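**Q** The primary structure of each chain is shown beneath.
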Amino acid sequence: MPSLPPTAGPARAPCQVAVAARATIAGRLTEIPALRDGGWPESTPALPRRFLRHADEQTVVGMHAVLAAIATIPEPLEQEGHGVIAASCQAGRIAAAQTLVQAKQGGGVTVSTQIVPQGSLHSLAGALSVGLGMRGPNIGVSGGPNALPEGLLTVFSWLYGSGPAACDTVWLVITGWDDEPALDADGRSTTDPVCRGVALAITREAAALPVGGQHLALQFDPPAASRCPATTAAASLRSLADSVTAHDSSAAPLEWSHHMPWGGAVRLTAATAAHGKEAA
Amino acid sequence: MDAIEQHSQADREPVMITGVGVVSPVGNSFPEAADALLAGRSGVRSIDPGPFAREPVQFAGAVNDIPPPDAAACPLDPTAFAALPRLDQFCVSPIAAALVDAGLASGRSSRRIGLVLGLGAEHLKAWEADYLADGCQVFAPTCSPTLVQRLASLFSLTGPAVTTAAACASSGYAMALGRTWLEAGWVDACLVGGCDTLSPTSLAAFYNLRALSRRSDDPTKASRPFDRDRDGFVMGEGGAFFVLERKADATSRGARAYGELAGVGMSSDASHMVAPCTNPVQAARAITMALHDAGVAPNEVDYVNAHAAGTPVGDAAEAGAIRLALGAAADRVPVSSTKSMSGHLVSGAAAFEAVACLAALAHQAIPPTLNLDHPDEACNLNHVPHEARPAAVRVAASNSFGFGGSNLCLVLRAA
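Protein chains in written order, with the working numbering: chain A, 1 to 280; chain B, 1001 to 1415.
These are computed hints drawn from the structure, not numbers from a lab. You may find that some hints are simply not true.
Unchecked claim - Chain B is nowhere near these chain A residues, computed Cβ spacing over 12 Å in every case: (1) Asp37; (2) Gly38; (3) Ser43; (4) Thr72; (5) Glu75; (6) Ser243; (7) Ser249.
As the list claims (entries may be wrong) - Rough simulated footprint, nothing fancy, chain A against chain B, three-plus residues with beta-carbon under 8 Å: (8) 1179-1189; (9) 1199-1213.
As the structure is a computational prediction, the values presented were derived from the model and not from experiment. We treat Cβ as the ideally placed atom computed from N, Cα and C, and that holds for glycine.
Please take these sequences and the hints and turn them into a complete structure.
**A** Take a look at the structure:
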């Protein structure tokens, strides 16, 4: 029986990409209804009217994070070619619980046509693509405790990616609850947890950014032999959000890193674009 | 710091498919599924739709029995396997089969093998199955490991493990991601594929959306892609997985290659969360990108496995996209939809339809579109109705389009 040869792949050099825009958003469950119809910066692209009315809570928060990040960009980005990777954790649980309770009582006629398109792992990515006119590829990843590392690895995969399938800028949007909502027997939450979202617009390299512009650099050191213990989804997402927020609010040095569960690590640091394009 | 490397098709190490595992409505191995698809056998039948049934009779591409995993590759005994959720079974069985087929049933511990699972609604399916068995997982404030994490642990895989979701294109994106990992040298081999399972909630939701065929008088006639009398898709279930390896690695260990995963194209319509986009430009762009990625001209394509699920709008839009991407070659290139036999495997569809393409490469024949009695004028393509067509097949393209406007095209090339 043939067996695998010794490792013979290409050299596994570190990869570095630039974060062109970023924002973090956090909102309690009870605050999310107000976020469905507005509350985003006026300078951002207009969403179709009532676009988020059926959206899952994590989609609402993720959309706000992207809009807040777009609002920080001095020059409007050409978003049409952007890709979207949305890494959520157990999105759609409240809607699923209520759907199941209603269906058990009232049968299949009560099952909403929105439960699949708005309550799946792909829903946030699809909403960002449709709502903001992004026509690069869009996918959801993970759905569970490894949302952050799975999202980060997929970003590097796409930006590393060969040939015409790759895109130059990818929005990585990571969402999750600090504490998962506790639901009663009718599927209503009995707690008011925080839903958190981090949006990062990631480009292949800093050359796309204005000269002298401050940005974040994201470096991936590919898998080494050892594996690292997994952290919880909430802890890793909150760690990233807190680091970015502290840096943006106080210019504190940024040195955030995340050890991937399969080995390898991702580091996020502040950087200056020294060789980028001339400012307009 | 090294810049991210960019590879062109010319200097890229080809990525080969060296193992196949499949559990589907038309067969539970590659030979079985290939034979059924080329014989034009339908796997669509009447089913028990469960507690949320909208009609007394419903039908689907259902799997009767999921074979236990090959013991050479998987430590689960048949009893433990039978206790797994059905969604897990649709992964465990074909993954074990793909590993055995690739000659990697054992001796994997020293190699970094990755796993990319295309699956769009894992939690919805899991919560539903648990709830209908009187469980309460959906109400509990817990967060358990995902299926891809459990599979990586079960099969002792030490490479990265990621779930990808792009609705009906999910498993195609999984295949694309695994190929990239191999090109990057992040893994030595990669298991890629996807699965889905029938569920009462999804059947009811798609029924309420009027997306499902309601032709209940004869289930085998219900899935009618490109036919003027099509009235919606037929849901299916199953799983298909592949072992991918760099060509040099596969060659050096004497592994058989079914074909090369030669090209990938991806785009989004940015049109609507549910409705198919009637403008074919972005879907055509995905096809064109995949051909360019593979270094293939439109007139070199020998077969297109269409996404065509049998919906009135979607099939016509795809026909337009194929014409736009292939140009004049569209008059010559045979096109078929194997969903006419398998039903729509949703998250697993792209992977299963890659199996259909491998069948075409292996047997030098184009699988047919069943029930294509009266081709719709709005779907003007070189159809292969009713019966397989013998043909020289060296390059096959497979389209997958999903909710949220995700477009994906894979190009598979003979080894």
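**Q** Failing hints, ascending?
**A** none
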